[in-house]
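My request is simple: use the sequences and hints to build the entire structure.
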Amino acid sequence: MIEPLENRRRLLLSGVRMAAALFLGAGALFRWAHAAQDPRPEFAAGGFGDALESFFGVREASDDASIEIETPLEALHGELVPFRVSAPGVEKVALLTDANNDPMIMAMDQIQDRRAVMIGHARLQRSGRLVCYALRDGRLGRSERRVQIVGAWREVEQ
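Quick note: the sequence shown uses numbering that gives the first Met the number 0, first residue 0, plus one each step.
These are computed hints drawn from the structure, not numbers from a lab.
Beta carbons: idealized from backbone N, C-alpha and C, even for Gly.
It cannot be assumed that every hint is accurate.
Derived CB-CB ranges, DEER-like [claimed, not checked]:
| hint | residue 1 | residue 2 | range |
| --- | --- | --- | --- |
| 1 | ARG114 | PRO71 | 16 to 26 Å |
| 2 | MET17 | GLY46 | 17 to 27 Å |
| 3 | GLU90 | SER13 | 18 to 28 Å |
| 4 | ALA64 | GLY119 | 14 to 24 Å |
In structure tokens form, the structure reads like this:
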């Protein structure tokens, strides 16, 4: 009587294992298929030019004094560098950095009253520039500000 119960137990366990394997395999396949269709490819772009081309449709930009970037010149660490960007009269705006492998930090394309204000914190891997690009009347403008990551201490020059 123990042998039929043992066989039934083994059969049930093998069924559960097979169902779990199928479920996990289907989940991995589903995630792989969705990862291939990135809804915002500009965030996966390899550099400034690719990100600008993907988001704005152009690569060339001119300096624009009306775009304001407020951020500290020096940050103790790159984990949370605060920023505030203001760009009046724009259709799209994006904040990029050359301090990270993936340059795009934030992008907006649904702007009310044609005045974009972005407030947040950027994670920077090293010292570099925060560059804001804004599309206004078909022309791409830019403004930048350098941020130095100084760490918790500084060496004194003698």
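Now the hints, each set against the structure:
no.: 1; hint: ARG114 <-> PRO71: 16 to 26 Å; verdict: holds (24 Å)
no.: 2; hint: MET17 <-> GLY46: 17 to 27 Å; verdict: violated (46 Å)
no.: 3; hint: GLU90 <-> SER13: 18 to 28 Å; verdict: violated (60 Å)
no.: 4; hint: ALA64 <-> GLY119: 14 to 24 Å; verdict: holds (23 Å)
Of the hints listed earlier, those the structure fails to meet are numbers 2, 3, in rising order.
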